[in-house]
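Asker: Now for the letters of each chain:
There are 4 protein chains.
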Amino acid sequence: MTLRGRFGKEMDDRAKAYTASTHFDRRLYKHDIASSIAHVRMLAKQGIIPEKDAELIIMSLISIREEIEQGSFEFKEELEDIHMNIEARLVEKIGEVGAKLHTARSRNDQVATDMRLFTKEAISETVTGIKDLQRALLHVAEDNKRLVMPGYTHMQRAQPVLFAHHLLAYFEMFQRDIERFEQCYQRTDVMPLGSGALAGVTYPIDRDFLAKELGFSKVSTNSMDAVSDRDFVIEYIAAAGLTMMHISRLTEEIIIWSTAEFGFVEIDDAFATGSSIMPQKKNPDVAELARGKTGRVYGHLMSALTTMKSLPLSYDRDMQEDKECLFDAVDTLLSTLEALAPTVATLRVKADRISRAAETDYMLATDIADYLVKKGIPFRQAHTIVSNLVRYATDIGKALHDVDLIDYRRFCPDFENDVKSITLESSLAARNCTGGTAPEEVEKALAAARKTLNGKKD
Amino acid sequence: MTLRGRFGKEMDDRAKAYTASTHFDRRLYKHDIASSIAHVRMLAKQGIIPEKDAELIIMSLISIREEIEQGSFEFKEELEDIHMNIEARLVEKIGEVGAKLHTARSRNDQVATDMRLFTKEAISETVTGIKDLQRALLHVAEDNKRLVMPGYTHMQRAQPVLFAHHLLAYFEMFQRDIERFEQCYQRTDVMPLGSGALAGVTYPIDRDFLAKELGFSKVSTNSMDAVSDRDFVIEYIAAAGLTMMHISRLTEEIIIWSTAEFGFVEIDDAFATGSSIMPQKKNPDVAELARGKTGRVYGHLMSALTTMKSLPLSYDRDMQEDKECLFDAVDTLLSTLEALAPTVATLRVKADRISRAAETDYMLATDIADYLVKKGIPFRQAHTIVSNLVRYATDIGKALHDVDLIDYRRFCPDFENDVKSITLESSLAARNCTGGTAPEEVEKALAAARKTLNGKKD
Amino acid sequence: MTLRGRFGKEMDDRAKAYTASTHFDRRLYKHDIASSIAHVRMLAKQGIIPEKDAELIIMSLISIREEIEQGSFEFKEELEDIHMNIEARLVEKIGEVGAKLHTARSRNDQVATDMRLFTKEAISETVTGIKDLQRALLHVAEDNKRLVMPGYTHMQRAQPVLFAHHLLAYFEMFQRDIERFEQCYQRTDVMPLGSGALAGVTYPIDRDFLAKELGFSKVSTNSMDAVSDRDFVIEYIAAAGLTMMHISRLTEEIIIWSTAEFGFVEIDDAFATGSSIMPQKKNPDVAELARGKTGRVYGHLMSALTTMKSLPLSYDRDMQEDKECLFDAVDTLLSTLEALAPTVATLRVKADRISRAAETDYMLATDIADYLVKKGIPFRQAHTIVSNLVRYATDIGKALHDVDLIDYRRFCPDFENDVKSITLESSLAARNCTGGTAPEEVEKALAAARKTLNGKKD
Amino acid sequence: MTLRGRFGKEMDDRAKAYTASTHFDRRLYKHDIASSIAHVRMLAKQGIIPEKDAELIIMSLISIREEIEQGSFEFKEELEDIHMNIEARLVEKIGEVGAKLHTARSRNDQVATDMRLFTKEAISETVTGIKDLQRALLHVAEDNKRLVMPGYTHMQRAQPVLFAHHLLAYFEMFQRDIERFEQCYQRTDVMPLGSGALAGVTYPIDRDFLAKELGFSKVSTNSMDAVSDRDFVIEYIAAAGLTMMHISRLTEEIIIWSTAEFGFVEIDDAFATGSSIMPQKKNPDVAELARGKTGRVYGHLMSALTTMKSLPLSYDRDMQEDKECLFDAVDTLLSTLEALAPTVATLRVKADRISRAAETDYMLATDIADYLVKKGIPFRQAHTIVSNLVRYATDIGKALHDVDLIDYRRFCPDFENDVKSITLESSLAARNCTGGTAPEEVEKALAAARKTLNGKKD
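Chains A, B, C and D are the protein sequences, given in the same order.
If you read the first sequence in my numbering, its first letter stands for residue 9, the second for the next number, and so on.
If you read the second sequence in my numbering, its first letter stands for residue 9, the second for the next number, and so on.
If you read the third sequence in my numbering, its first letter stands for residue 9, the second for the next number, and so on.
If you read the fourth sequence in my numbering, its first letter stands for residue 9, the second for the next number, and so on.
It is worth saying that the hints were derived from the structure and are not from the lab.
In this text, all values refer to a predicted model and were calculated from it rather than measured experimentally.
Treat the hints with care, since some could be wrong.
[To be verified] Here are the simulated BS3-like cross-link-like pairs (lysine-lysine), alpha carbons at most 25 Å apart as the crow flies:
id	chain 1	residue 1	chain 2	residue 2
1	D	Lys382	C	Lys101
2	A	Lys383	B	Lys128
3	C	Lys220	D	Lys452
4	D	Lys428	B	Lys290
5	C	Lys290	B	Lys24
6	D	Lys406	B	Lys290
7	D	Lys290	A	Lys84
8	D	Lys53	D	Lys101
9	C	Lys153	C	Lys459
10	B	Lys406	A	Lys17
11	B	Lys290	C	Lys24
12	A	Lys290	D	Lys17
13	B	Lys226	B	Lys53
14	D	Lys24	A	Lys290
Build out the structure end to end from the sequences listed, making use of the hints.
Answerer: Quick look at the structure:
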């Protein structure tokens, strides 16, 4: 079986090696066989091939799948790709009947179909993986739901927040990621099979039957677009890039929180590594690798976008480059989620150090300015007054609540005794509008998150 | 008015110049004033500032907007950003009352709100622009709906298709782009205002009122996420990247079709350029620039993703870098759509050259193989037979329909006289399943496209 | 003056706006005029145009340059680009004689020449800027040359190092950057002028004369390559990307060191910013922006690479996209260096906190393992012994030097009293091979750095 | 042998799988063993370990290398990386003596050394591969050195050039690539071994000896930079990205030239592929894949740059991500060069079609304008005159040399009979300054290229 009927000579070995894809697209064997079975079933139903030929082909395809899964199938790189490997084996097993499999289809619509089946599966696993990470975050948030920490902007202590509130910010990010993946799923869930090489096929096929068999909810409506569209690949990788970006932020924080200087969390021994030379070291390698692998997924996104740039219709061989970047993006994201979720779930939160940090550094200054505003002072002036007060306190090395009221009044006569009743607790409690860090709001957010994870949408 | 109350000295000029953003974020003046007006209205409604102060501030903000639009506003780079420029002018105009504007908000939630207002607007314009391009494509397709052209794979002539079918493939791509932008819109349509610097605010604000005033359909549910989320920026640029990729494919084809060698189309003089040195030249510069600008949008995507990588919560100044890449991505995409749509709409389609090209190069070979299959020969064997036949025809320099039947039969005895009735027309007509290039299917697709453009979703 | 002689109509406004580049390439006016002057001088020398015409043109070009520099020149976007703007003004001033300027050249070789002149200049400024940053680093290193700090791997305290040693690591990075820019300079220093549109010109020009006039040390040797080569643009941006990567590492450390938790450095007030809402804040915005702008330069690299992908020879209009990404990469890098150098130079190093941090966390564990090795114990075993010792010390909450010798011996009988003489000082002093952190080595490295900065290569 | 002495429990399987690198870094076995042998030799020479221990270790390392090369070595993913796999096997073979191997080094300097050894080797192979491609180009150029073709700008026929001149433009590009790789080599050729984990080592090692043994010409001068520097990885990938960009331009042209419409070249059957469905197809898959893989290398560049962004000193585990992108960039570039060189060398140049194309489309218009200039007409006016002449000729459907002289004169009275002696040949011959397409210049360029390939620098 060869596609080289019109050629005068064999392909050069270097060209063969360069164009062959079996070593990576063999991964699609399951999807390829599934779509072949559906295809053959349809061909028989439509009377394009005899029913008994179809039965024989299907049985043989099933046994080929078993051979592959049991490791007895011999992949041949010289057969170019997974499709030709399977087809060749089929002909080897059942002869001429097997040569009917490729009726009314082309590798162009076939591979597009396989890729979409693969991507749909990958998206489902990805969503499950993200939820596991959300669950881990929620678990740690719930376990520490009253813990106050310094909220940071510019990595400087800014205003007190609940530790749970901080973690729930990540829950939100990952929820958006899930939404994006679900929408990507919808655009992936369109069947190209039946588009032939580029123009459709000349047989009376039943594409709706095919779609039903293969679990697609729509069929493609332009054959040239169908064989040349890889938007779904790029869209998956773009969504994965955003998820990795969120993960890079979370892991950066875990790494920083694990430093001796912060000491906010300790990574469980089961998720930490040692050093080949420094006996005292305990390193947050899972978090570092997750952060580092962000670049890898970004790279795949650039790769896929660049490869598709300026390709004329319809199929061009450049598009074979869609696979490895997608596969690796999927593997990277799934393995990162798998390793990171338990790393997060088992984090030891050092509540003492965290809450002690929350008590320093004038983090109630905004509340004091707000206090003045409520006395009628325009905010900008209040801001300036408290800035000066803070500067004074810094100079004399005192915390704000240790500064005497009389000194407060030197900066503004409106200060009264009750300014001293501004505390971490009152500060938190006051931020009680939707999305604020007030304990009651965070409690609601935790409940909502729990519901999202357990809800019907799961 | 200064934010430097606690600092001992003025900012160094180099630092000031480096951190200032007025020269690019002034573009947000309209959104900034709109959100300030809504904010002030809410502050008054909630009794946080007096009604009459609110009225004065609002009137003044409106007049500041006019100053800006009339060009009489003096932007000061040293005031750092658009927000402080407007606030400073407000205080200049109405004194102390203006200093109340910044009550119960922070630049962090303010700028996030402005950016979302801007992005929502940009998405709407983008969708309109894409539709214009779709309309141009549809126009040319309808004008040439019976024109047969060679369909290509690997840039080699493959099977005949309708020119309209080819153009409609692009219609599909752009339809997916619209869908993505609309979903991006939904995630952008969430109001961060009221999140304060990071933790919420200590005033009894009414976020639902704010959202309604500003036309947001949702309010954010975690203040830390709200001020540090730029997913919507990245998502816009990613969607723009995909759209530009589609545009790069279309323009690549226009450029190739405009070569002397293809000669399939001619660009209207109004959209072509000449040469500074070669008097005979007519160049497809709009198409080339559109293709070239693809890289620009990809670059902005990389830029935004990289900038956000590994940023700890919540706001970091790195995030100021979200603006220029978004602005330029929006401008690039909108101007490309604007220039490309009429370039496409005015293309002169050289039907003669196209249809002549469709008649050559053995493009009916697949149909002849299918012919044999229908006589009972397995497809792979039919493929080999026709490959040999094509090779023979090439060697003797004949088109397939000029080869004698007796010679056909030397390759396969099943060939009969009716093989000669396979024509471009029969080939097209046979590809009549959903998405195929048969005239009836393309007619349906044109109608569907027209409906999509005119439909309620417009 | 128009290039549209053969066209039947004017260019559409949308196409005109889309293809015009005056708003950004006007920046090349100086280089354009310089290369025009050299060109005209050569034309006269070769007798291609009369000497007196040349004189008139040159004088007029000089006065046009003055008009531009004084702001009285009226740039017209409809004249498409800087070259046509200048040429049109020339003709306006001196009539027909001005129309001789474009003899024996094309915009293709002209713009390539301008871009190379610009890039050569940019490289020189970049190298100067990097040296300024190196000088700042060296200054801080020298001011703190005995200061011991914890050396980190995985952001965990690892082994003591000199603070100066840490800073000098950056000096090395920037030295490699300079080397790269200098090599990029050499490849940029090749003159394309005289290549015409793509094929050379039909006049007896003297390219060596041109090169000498313009300060190029080589002339290009293939006209098609000369007009279509933008390697030097990409190479500049790639080198800038690496420099920004180094800067992002340095600024990340400055940001982390400025946290309350680390407290290793304090940014000078002149290079710090405040908050619009939190009166106590002092933010390291210069460092954050520098870190954030890394993404911007990476993006430009991606942009330039993508734009050039798959462009057929020779000039294509896509290449107009080479300018804005280069200009912005240059501006970004130069402004970052300019703002960062004094930020570094004025850093307040909090020596107390740094040296105190160096005394904790078992950072001498490697030295103790090495101690055992010197007693004859294989390193891997020594590593295990000290690991166990550290674990014991952690459990009982003691520093290693506070653990009793008798306890040491429970882990290994080879421990003797002299193990207690392992100190920070002895640890540092022992690392005295080339590149090690021993004070004598660092002293040498400081001297070498000083020499590099002041050396002939400056 | 474990690095987990201080940990209370085993590593979780998910973390182990996630952090393990054996499956890809095993590729460094040769370099790892080479550097271990040099290291041990040095340790013995310096009296740090006994000579006979060194001999035993070296012999065992050699036999381990044989085990690996013969396929009998059992790689264990749970041993984390190639270094630990080899060390563990060593200890298994020779017991306690093997545990001395890791004296005075760390995995940090070890892996940096291995990576540099690998990269140096990769660069040498890359340069050889590029030269092979240059040789193929030169071969085709020399075989067709008098062949005239249309030179293109904007893909429109512009001016006649020699086909050899066009091919030599690529020779130039690849020559620059070689230069870049050679400079990258120089920066890679610096030995980090002896830098320890980050601070140097406490043993009296001899780094110059090590460098000599391993063939490095320099030793690193700052230990922290040495273990955290991956510039050489990024620089290799950036240079590879530029080379792939050049390849994408060449292959784009090969693909376009292979279309039915251009028909300038035909790919040899040994380097072309067929279609699974269309029996007549002959596809340029090698060229398409080469073009497509450009995106892949760009992606790796983005990946490496992003991963290194913002990493604090010194080693962070993120840096493990340096390997796969480098390995794949090397493999992609080498295999592309290997497949492309013979594809180019065996191209069938269809001289008839090419030279026929050169005779059309007013490509001598520039020469005619130059003709007028030589009669004293300013170039811009000459340009306009010839534009109008071309338009006239187009309208009446004539080639310029078929237009009557009397008609020429209607556009400009300076036309005389000799305007008709402007031919392709005269046009080419006139472009005889350095780098022009005149046959004599191209002959010189061919000779220079031959010399470059055969020169001492080979």
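Asker: For which of the previously enumerated hints does the structure constitute a violation, in increasing order of number?
Answerer: 2
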